[in-house]
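In order, the protein sequence lines correspond to chains V and X. Residue numbers for the first sequence follow this note's numbering, beginning at 1 and rising by one. Residue numbers for the second sequence follow this note's numbering, beginning at 1 and rising by one.
Any given hint could be a false lead.
Only some residues are given here: those of chain V computed to face chain X with a beta carbon under 7 Å [stated by the list, open to error]:
(1) 57
(2) 83
(3) 93
(4) 97
(5) 103
(6) 131
What follows is a set of in silico ranges between Cβ atoms, one per label pair, in the way DEER data are often shown [said to hold, decoys possible]:
(7) 104(X) with 21(V): 28 to 36 Å
(8) 21(V) with 25(X): 56 to 64 Å
(9) 25(X) with 73(V): 56 to 64 Å
(10) 169(V) with 23(X): 43 to 51 Å
(11) 170(X) with 43(V): 18 to 26 Å
(12) 73(V) with 134(X): 47 to 55 Å
(13) 109(X) with 11(V): 18 to 26 Å
(14) 248(X) with 169(V): 32 to 40 Å
(15) 92(V) with 180(X): 16 to 24 Å
(16) 185(V) with 264(X): 39 to 47 Å
(17) 170(X) with 229(V): 32 to 40 Å
(18) 120(X) with 167(V): 35 to 43 Å
(19) 111(X) with 21(V): 29 to 37 Å
(20) 120(X) with 136(V): 34 to 42 Å
Just a few of them, taken from the derived set where beta-carbon distance is under 8 Å, the chain V residues facing chain X [stated by the list, open to error]:
(21) 87
(22) 89
(23) 106
(24) 253
None of these hints come from the bench; they were simulated from the model. All C-beta atoms, glycine included, are put in the ideal place defined by N, C-alpha and C.
Each chain, written out:
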Amino acid sequence: MTRAPVVALTGVRKEFGRGGVVALEGIDLEVAAGELVSLIGPSGCGKSTLLRIVGDLTPPTSGEVVVNGKSARQARVDRDYGMVFQDAVLYDWRTVAKNIALPLEMLGWDRKRRAERVEEMVGLVELTGFEGHHPWELSGGMQQRVAIARALSFDPALLLMDEPFGALDEMTRERLNMELLRIWQQAESTILFVTHSISEAVFLSTRVVVISRRPGRIAGIVAVDLPQPRTVETREDPRFFELVTEVRELLRAGRGVGAVDAVDEEVAQ
Amino acid sequence: MSTAPTAVQPLPRGSLARTVGRRARDWAPAAIVFVVGIAAWEGLVRGLDVERFLLPPLSDILQTFWEQRDTFVSAGLFTFKEALGGFAIGASAGILVAIVLARWRWLGAALLPYAIAANAIPIIAFAPITNNWFGILSPASKMAIAAVICFFPVLINTLRGLTSVQPAAIELMRSYAAGELEIFRRVRIPNALPYIFTALKVATVLAMIGAIVGDYFGGSDQALGILIRRSAGIFAFEEAWAAILVACVLGIAFYAAVALVERLTMGWHVSSRGSE
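Go ahead and model the full structure; you've got the sequences and the hints to work with.
Following this line, the structure appears as structure tokens:
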């Protein structure tokens, strides 16, 4: 636990427009190597914005972002990020194998090395046999698995996932949660994961960061002490429910009194 | 680990015989309409004794074509070359300008309203002018008309294809530290291909129209448009119709050639998925 953090945020603030809405304020957060940290909060709380700031897709208004001991920009140039969005964002003109190979092509890997890695990744996300298929021939869950394989293919230091399972049905989502955990352990990756499902956050994470609404501040951080590896039984563990309750209460506190029911509804899905 | 991949298996690819059979079924209605249409033409024109200047029987037109096939074919090719040249110039200019406008958006914002306004101009009205510019007998004057007609639809469609990329698709490329050039090569241009081919198919037809109507305003004796105009002027209606038929066949062949290239380069595209 004494290794240098993969992500270190200090006093990050984000304003939209000139003197306009403050989306994020006073964000201090460290993510250690091998962690799976979830960001949770009501819609519009800036959790996706925070993820995009870490990934250097949008700059913070002030504050410091250090990734692997360098600036977020340098980390992006060094290709330290694997990104997965809510939409799989696969390129229709590329087959499954070629979608996974895209970052490898850009890194200048030769054909043979690419093919080997693609085979390995396809096995990891259990899509063997679908290499030659095009994205539109796959179900939503399979598309998202391709996106995860693509993000992991070049061994990025940090995987940034923005509600990757948000558009999927509950059953597919739970199955992919299990798969993500297996992949996370196998690949020994570090993951920053945005979600608005409390149970998903608790089930997956080593820590859950609860963000309050407008301006987005860290309302609290819940360390998830459920045993690893997580299994189907984890969801039935009494400790799981305690942690879910803890996160839910932090969300309520972050929202303020009087709008409790609205928070529950918003956060439930 | 346990349940994931067994739920869906790779789609079986149809056997060749099944594909051919399905194709035949798909095309049967169109083939029947074709045969019935031709029979009706021949039958009605002969049965009702329609005047020759209104519509000659198809068999007479085909016979006339056969007797003077060398003239028709060489006139057809002459005008087709005008159309092809105009198409090549207009379409490549359209694609290039679209790329420039997509790369530098402010330029697009400044110029696009005029491009759209210019698109509404009946360009064929300029045919007599281009005759003055490039010489009435020169194919260049017809190519100019065909090129200008092709330019706008290709420009506007290509631009739409280049710019209608999912924002996340661009962000993903940026997360790989891709520069503008690489984003163009790997995302914008492939994304624009279906739009470009749609425009190119429209442009084939427009190029033929441009070349033939360009001929109507005066041109070389060898041109198809001149042949149509002259034949109709001297009541040689079978000749005029035979020349029109040649124009139709060339136009359809041109369109089909581009459609074939589309199919070969874009097997992935939604429109090629078939009916499953």
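Status of the hints after comparison with the structure:
{"no.": "1", "hint": "57", "in the structure": "5 Å, holds"}
{"no.": "2", "hint": "83", "in the structure": "4 Å, holds"}
{"no.": "3", "hint": "93", "in the structure": "5 Å, holds"}
{"no.": "4", "hint": "97", "in the structure": "13 Å, violated"}
{"no.": "5", "hint": "103", "in the structure": "5 Å, holds"}
{"no.": "6", "hint": "131", "in the structure": "9 Å, violated"}
{"no.": "7", "hint": "104(X) with 21(V): 28 to 36 Å", "in the structure": "30 Å, holds"}
{"no.": "8", "hint": "21(V) with 25(X): 56 to 64 Å", "in the structure": "59 Å, holds"}
{"no.": "9", "hint": "25(X) with 73(V): 56 to 64 Å", "in the structure": "58 Å, holds"}
{"no.": "10", "hint": "169(V) with 23(X): 43 to 51 Å", "in the structure": "37 Å, violated"}
{"no.": "11", "hint": "170(X) with 43(V): 18 to 26 Å", "in the structure": "23 Å, holds"}
{"no.": "12", "hint": "73(V) with 134(X): 47 to 55 Å", "in the structure": "54 Å, holds"}
{"no.": "13", "hint": "109(X) with 11(V): 18 to 26 Å", "in the structure": "38 Å, violated"}
{"no.": "14", "hint": "248(X) with 169(V): 32 to 40 Å", "in the structure": "52 Å, violated"}
{"no.": "15", "hint": "92(V) with 180(X): 16 to 24 Å", "in the structure": "22 Å, holds"}
{"no.": "16", "hint": "185(V) with 264(X): 39 to 47 Å", "in the structure": "45 Å, holds"}
{"no.": "17", "hint": "170(X) with 229(V): 32 to 40 Å", "in the structure": "36 Å, holds"}
{"no.": "18", "hint": "120(X) with 167(V): 35 to 43 Å", "in the structure": "41 Å, holds"}
{"no.": "19", "hint": "111(X) with 21(V): 29 to 37 Å", "in the structure": "34 Å, holds"}
{"no.": "20", "hint": "120(X) with 136(V): 34 to 42 Å", "in the structure": "36 Å, holds"}
{"no.": "21", "hint": "87", "in the structure": "6 Å, holds"}
{"no.": "22", "hint": "89", "in the structure": "5 Å, holds"}
{"no.": "23", "hint": "106", "in the structure": "5 Å, holds"}
{"no.": "24", "hint": "253", "in the structure": "33 Å, violated"}
In summary, the structure is inconsistent with hints 4, 6, 10, 13, 14 and 24 from the numbered list given earlier, while agreeing with the others.
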